[in-house]
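A.B. asks: Residue numbers (our numbering), protein chains in the order written: chain V, 1 to 214; chain H, 1 to 214.
Hints are supplied without guarantee of correctness; some may be wrong.
Copies of the same chain look alike in the list, so a pair counts if it works inside one copy or between any two.
Computed list of lysine-lysine pairs in DSBU-like fashion (alpha-carbon distance at most 35 Å, straight line) [as the list claims (entries may be wrong)]:
id : residue 1 : residue 2
1  : K91       : K2
2  : K86       : K210
3  : K129      : K2
4  : K191      : K210
5  : K2        : K86
6  : K2        : K110
7  : K62       : K2
8  : K129      : K26
Just so you know, these hints were derived from the structure itself, not from any lab.
Protein chains: 2
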Amino acid sequence: MKIELARVAPADIEARSMEIIRSELKTPLDPENEAVILRAIHTTADFDYAETLTFSPGAVRKGVEALLHGASVVTDTTMALSGINKRVLHKLGGEAYNFIADPEVAQAAKDRGVTRATVSMEHAAALGKHLIYAIGNAPTALVRLYELWREGQLPEPALIIGVPVGFVNVVEAKELICTMDCPYIVARGRKGGSNLAAAIVNALLYTASKNERE
Amino acid sequence: MKIELARVAPADIEARSMEIIRSELKTPLDPENEAVILRAIHTTADFDYAETLTFSPGAVRKGVEALLHGASVVTDTTMALSGINKRVLHKLGGEAYNFIADPEVAQAAKDRGVTRATVSMEHAAALGKHLIYAIGNAPTALVRLYELWREGQLPEPALIIGVPVGFVNVVEAKELICTMDCPYIVARGRKGGSNLAAAIVNALLYTASKNERE
């Protein structure tokens, strides 16, 4: 078998990929959510996200506006942190945080018999208002965000990106987020991941960056 | 709708997830590759990997043996680097490398009109023999590894993990790796990712670590 490589310049690979994705989508995308859905599929090659990504009203616009106002992003894994385009985030005035490797978080999690992700969300909430929570791994992080919100301890989140992956309490934790009266983007079902969480943040960052230039 | 969370202790979540995966698999897995396939599905909630993951003869055993001899791992993204369990890798005597953010790599890529991933593989190959290449993003990294190998410039790789995701030359680049007479684990098709590359390295690390203790 002869394996033929397409000749595409490095700078054109992303645009070509997006063309292919658009051409294979079975139904047109809501223009408001298009940038996020396209980037989710681009990152995963999984067209399921065209169906499973669920947006609260105006979630994308609200996320983009928050970033334009310098909102910071908190992740549940170092991998999601690593995938976020910090250059663009810093340019807009935001920071990226992750508390999972904090020794205090590890000790508190051990003492209380909860996950480090649970404790790290409490640290995040203490940072204050208008944060973007990007959760790609731990359903327990989403459950704790939901509980904090119910207890009045989650001050005005700008956006919750709820896209953990897995088999235990993942579907349920995402459904809890969908009951919240705050902006969210959730990948319903079992699928998701740290790569997806980062990709969604980046889609919002690139839209914000483009809006700023225009 | 009442959303009910299962009560599972943090330490038991992974074992419970693996039970669920095993119970839903349609065909039994080859015991030799089972640890890698289970962890791939655990990381992605995508059962396609039971079909698409392709192993050269003895690839898992060879990867595990290399890690037990202190092999180092090179990734194509900081995200894959971030997802690898460095604690276990270091304990076995290995290091994790990534050259994508090296300013020299960026400059050379620009000058030559190639991707940074291409140049970063040349830096990696210069490290010497018995490396594990964990490629979850850039098909151009796989293409360059293939070319270097054909030119006799890729000194005895311990294992190539070829699992990039995407739409342009991804399928083809993986097929090139499957023609190589060296140990490989490839996710055929478009799907893959940095998270998957890290998960496969971790599956090998945990197997190596277990073998060492026994």
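A.B. asks: Now tell me if each hint is right for this structure.
C.D. replies: Hint by hint, here is what the structure shows:
In this assembly of identical chains, K91 and K2 lie within 35 Å of each other by CA distance neither inside one copy nor across copies; the values are 46 Å within and 43 Å between. In this assembly of identical chains, the alpha carbons of K86 and K210 lie at most 35 Å apart only when taken from the same copy (16 Å versus 37 Å across copies). For a Cα distance limit of 35 Å, the shortest separation of K129 from K2 across copies, 29 Å, qualifies, whereas the shortest one inside one copy, 56 Å, does not. Taking CA atoms no more than 35 Å apart as the test, K191 paired with K210 passes in both settings, with 29 Å inside one copy and 29 Å between copies.
In the homo-oligomer, the alpha carbons of K2 and K86 never lie at most 35 Å apart, since the shortest distance is 41 Å inside one protomer and 39 Å across protomers. When the C-alpha separation of K2 and K110 is checked against a cutoff of 35 Å, the pair qualifies only between copies, where the shortest distance is 30 Å, while the shortest distance within a copy is 55 Å. With identical chains, the CA atoms of K62 and K2 are at most 35 Å apart between copies only, with a shortest distance of 28 Å across copies and 49 Å within one. Proximity of K129 and K26 under a CA criterion of 35 Å is satisfied in neither setting, with 39 Å inside one chain copy and 47 Å between copies.
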